[in-house]
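Based on the hints, put chain B in the right spot on chain A.
These protein sequence lines map, in sequence, to chains A and B.
So for the first sequence, the numbering used here puts the first residue at 1357; every next one is plus one.
So for the second sequence, the numbering used here puts the first residue at 511; every next one is plus one.
None of these hints come from the bench; they were simulated from the model.
Each hint can be trusted.
16 Å max Cα-Cα, derived EDC-like pairs, lysine to aspartate or glutamate: (1) B:K610 <-> A:E1415; (2) A:K1422 <-> A:E1443; (3) A:K1422 <-> A:D1444; (4) A:K1370 <-> A:E1443; (5) A:K1370 <-> A:D1444; (6) B:K610 <-> A:E1459.
Facing chain A, a subset of chain B residues (Cβ under 7 Å, in silico): (7) G553; (8) P554; (9) G602.
Cβ coordinates follow ideal geometry from the N, Cα and C atoms, glycine included.
These are the residues of each chain, in order.
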Amino acid sequence: GAVVSQHPSRVICKSGTSVKIECRSLDFQATTMFWYRQFPKKSLMLMATSNEGSKATYEQGVEKDKFLINHASLTLSTLTVTSAHPEDSSFYICSARSGGAYEQYFGPGTRLTVT
Amino acid sequence: LAKTTQPISMDSYEGQEVNITCSHNNIATNDYITWYQQFPSQGPRFIIQGYKTKVTNEVASLFIPADRKSSTLSLPRVSLSDTAVYYCLTGGPSSSNTGKLIFGQGTTLQVKP
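So that you can see chain A by itself, here it is in the shape it has in the complex:
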């Protein structure tokens, strides 16, 4: 149980285009989802917290107009990187938790490369 998937696992896009990453909780309802990014040999950095049906809460320094987060259902959250640039190339990871539970379950990550 407690499986979180991400799609795509890997994506290459051209500079200036937008790319959408999906995060799904497969066997539980995720009231809260989190988005992280991770650069090579670095730790995970929390980008935003997403609650179903409400606007995401972004961490300091994360541009909300560049990283659009939608959590329209209890099993799906999406992260859209708008007008991507090479510096947005990174490993994006989502996690999900259910209700008041503390445990988070992580997705396998999405490798974004912007050329």
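Only chain B this time, still in chain A's reference frame:
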């Protein structure tokens, strides 16, 4: 949010027991201690969680002293496949951080043959 401190790296050999200690001097009363494992290009994987004393599961043990200012993850008889980054985090349902996890630098464990 409680800040955690771990060694940046550790080396071990196959078959040995590995103990990774994490300091969390400012842990809140209701916070739990959770350890995650991460392989390259994968999401973190839950290993173990505890509040106090000792917790054991099929992959690891977690030792937490009475003052809860530190914890030790113990991996028995490691193998090459245990080479990974291990993260120690603190937090809980009642934390004011809305459940978000703040990752520290983690400990890179290298298991050698």
